[in-house]
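**Q** Sequence:
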Amino acid sequence: MLGSLTLFLLLSSASGQLLCPEPAPEDIAPCTCTYEGSPDFIVVDCSDANDDEQTAALNDVFWPITEITEFRLLGNIGLTSLPEGHFGNLTFESIRMEYTSIASVHPQGILQSASRLTSLQLTSSVLEEFPFEMLPDLPVLKRLDLGHDRLPSVPAITSPSLEYLRLRYNRLSTLETGWNTPNLKTLDLGGNYISALPSGFFDSLGSLEEFWCDSCDLGPNVTAGSFRFQGLAAETNVSLALNEIVHLPEDAFRSILEDLSNGDGVLYLASRRIGYEAFPMVSETGNPIVCDCSLKWLVTEASLLASVEGECQDGTQLQDLNPEIWGSICPFEEASPPSG
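According to mature numbering (1 follows the signal peptide of the UniProt record, and there is no 0), the residues represented by the sequence shown are -16 to -1, 1 to 324, in order.
Since the hints were derived computationally from the structure, they do not count as laboratory data.
All clues stand as given, with none of them false.
Listed next, with one range per pair, are the computed distances between beta-carbon atoms:
#1 Gly162 x Pro123: 18 to 24 angstroms
#2 Ala98 x Gly190: 22 to 28 angstroms
#3 Glu112 x Val230: 30 to 36 angstroms
#4 His231 x Gly190: 28 to 34 angstroms
#5 Pro123 x Pro233: 40 to 46 angstroms
#6 Phe25 x Pro144: 25 to 31 angstroms
#7 Pro315 x Pro123: 52 to 58 angstroms
#8 Pro123 x Thr158: 26 to 32 angstroms
#9 Asp35 x Asn167: 32 to 38 angstroms
#10 Gly209 x Tyr19: 51 to 57 angstroms
Where a beta carbon is used, it is the ideal one built from N, C-alpha and C, also for glycine.
Please construct the entire structure, taking both the sequences and the accompanying hints into account.
**A** Here it is, written out as structure tokens:
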């Protein structure tokens, strides 16, 4: 008898029954519960529901199971905060919220999914506060995307599990040292008001593979005091495009290029980001490098030059510069050598 009951439950689950609220979808409308790709991938979508409708659907209806794959809230302006208890007793592997009016998040609204949550996305919203202090209590979280929000600051983050962090286009102006993210592979800070990278920032980011700070405020004149890249892994790709950087002083850039030259990492100063198509520009790179004798330290060291991509103000690629010309003319003549 027990075997028959187990078989019935398995068959019912496989056919899409018993997992979403019964007897009818109207019980949770306008939220929906659907299956994507397989009966094991269950999506609860409340994009068309207001605050009260979401509360009723997630708290007042009997759910045959409470372990849901993904919660979605897309293009919804009715919910202004994510409060404690919003999800009832449901837990998720993924929470995806885009184009919302959510300005703050109560940590308990997220922590009830702590043992299962691998991906949290709250983007293109009005988020001004986020409980970063809860991250150590999310032991399997790998992906956190808070891009295109209104966060004014971010603390030193601690998360043993986090692999991807996107804070692109917020309102960040400074960074703190002391991060503890040993498995972080991708850090995207592009589009913020960051003008300096503090000493020691990368010390605990030994697994970093991609760092983006394109469209930050690092230019036009970069100094060693504001540009602390020591500690980068040799395989890290770094994008600093669109920062209006015009000079590459040796005391600011040598350390990063020496680190990258020990592996396959590249410093991208050209108008593109890692993993993306080139921006639709003709000659503007966002970093119009002055290619004069001040670049001799870079042009005449092949291993360093191979680890950077960028353009001179006349459009010449840095890697196309002729080291023999720089070596023979500079610094004996003040005039800039020919780009070729």
